[in-house]
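Enquirer: Sequence:
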Amino acid sequence: MSLALNLMFSWDSIQNGRYNDAIQDLDHAIAGGPNAPLLYAAHLYRGMAFYATGEYDAAVEDFDKTSQLAPEDGKGSSVKPIAIIFRDRASKHIPFSKEMLQKLTKL
Numbered sequence: 001m002s003l004a005l006n007l008m009f010s011w012d013s014i015q016n017g018r019y020n021d022a023i024q025d026l027d028h029a030i031a032g033g034p035n036a037p038l039l040y041a042a043h044l045y046r047g048m049a050f051y052a053t054g055e056y057d058a059a060v061e062d063f064d065k066t067s068q069l070a071p072e073d074g075k076g077s078s079v080k081p082i083a084i085i086f087r088d089r090a091s092k093h094i095p096f097s098k099e100m101l102q103k104l105t106k107l
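99 is the number that this note's numbering gives to position 99 of the sequence shown; each next residue is one higher, with no gaps.
Hints listed in this document are in silico derivations from the structure and should not be mistaken for laboratory results. Just so you know, not all the hints are guaranteed correct.
[As the list claims (entries may be wrong)] Within a straight-line C-alpha distance of at most 25 Å, the following computed SDA-like cross-link-like pairs (lysine to any residue) qualify:
no.: 1; residue 1: LYS65; residue 2: PHE9
no.: 2; residue 1: LYS65; residue 2: LEU5
no.: 3; residue 1: LYS65; residue 2: LEU3
no.: 4; residue 1: LYS65; residue 2: HIS28
no.: 5; residue 1: LYS65; residue 2: LEU39
no.: 6; residue 1: LYS65; residue 2: ALA31
no.: 7; residue 1: LYS65; residue 2: ASP12
no.: 8; residue 1: LYS65; residue 2: ASP21
no.: 9; residue 1: LYS65; residue 2: GLY33
no.: 10; residue 1: LYS65; residue 2: TYR40
no.: 11; residue 1: LYS65; residue 2: THR53
no.: 12; residue 1: LYS65; residue 2: LEU38
no.: 13; residue 1: LYS65; residue 2: GLY32
no.: 14; residue 1: LYS65; residue 2: ASN20
no.: 15; residue 1: LYS65; residue 2: GLU55
[Claimed, not checked] Simulated restraints, written as ranges between beta carbons of each label pair:
no.: 16; residue 1: ASP12; residue 2: GLY32; range: 15 to 21 Å
no.: 17; residue 1: ASP57; residue 2: ALA4; range: 24 to 30 Å
no.: 18; residue 1: GLY17; residue 2: GLN68; range: 27 to 33 Å
no.: 19; residue 1: GLY17; residue 2: GLU72; range: 28 to 34 Å
no.: 20; residue 1: ASP57; residue 2: SER2; range: 28 to 34 Å
Idealized CB from N, CA, C, for every residue including glycine.
The whole structure should be built from the sequences, with the hints applied where relevant.
Expert: Shown next as structure tokens:
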């Protein structure tokens, strides 16, 4: 499957709350296309899915990779602080907010 098509399916999974499906699809896409032009988007989407499942460290890593691959886009660096805040909140057992994910997906 092409990276662009995989991104569309993964975005649909994220929008419909199937975060683990999105992560699995994006794992395959990232492994199969290390130099693809849209690879930054795969890391961004996977970071969002990791964020939604509470895997904040993995989300931060993907947002860092997004920033490295497409620094001019700015999305990775704009959402990374949110993931760090929620990672720190999770370590203090402060509940996750689905509203924050909705804000992320509108960037």
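Enquirer: Work down the list of hints and note, for each, if the structure agrees.
Expert: Status of the hints after comparison with the structure:
1. LYS65 <-> PHE9: holds, 21 Å
2. LYS65 <-> LEU5: holds, 21 Å
3. LYS65 <-> LEU3: It holds: about 17 Å lies between the C-alpha atoms, which stays within 25 Å.
4. LYS65 <-> HIS28: holds, 16 Å
5. LYS65 <-> LEU39: holds, 9 Å
6. LYS65 <-> ALA31: holds, 14 Å
7. LYS65 <-> ASP12: Since the Cα atoms of LYS65 and ASP12 sit roughly 22 Å apart, the hinted pair holds (cutoff 25 Å).
8. LYS65 <-> ASP21: holds, 21 Å
9. LYS65 <-> GLY33: holds, 14 Å
10. LYS65 <-> TYR40: holds, 7 Å
11. LYS65 <-> THR53: holds, 19 Å
12. LYS65 <-> LEU38: Distance ~12 Å between LYS65 and LEU38 Cα, so the pair holds.
13. LYS65 <-> GLY32: This hinted pair holds, its Cα atoms lying about 16 Å apart.
14. LYS65 <-> ASN20: Between LYS65 and ASN20 the Cα gap is close to 20 Å, so the pair holds against 25 Å.
15. LYS65 <-> GLU55: Distance ~16 Å between LYS65 and GLU55 Cα, so the pair holds.
16. ASP12 <-> GLY32: 15 to 21 Å: holds, 19 Å
17. ASP57 <-> ALA4: 24 to 30 Å: holds, 28 Å
18. GLY17 <-> GLN68: 27 to 33 Å: Once the Cβ atoms are compared, 28 Å apart, the range 27 to 33 Å for GLN68 and GLY17 holds.
19. GLY17 <-> GLU72: 28 to 34 Å: Cβ of GLY17 to Cβ of GLU72: about 31 Å, so the range 28 to 34 Å holds.
20. ASP57 <-> SER2: 28 to 34 Å: With a Cβ separation near 29 Å, ASP57 and SER2 satisfy 28 to 34 Å, so the hint holds.
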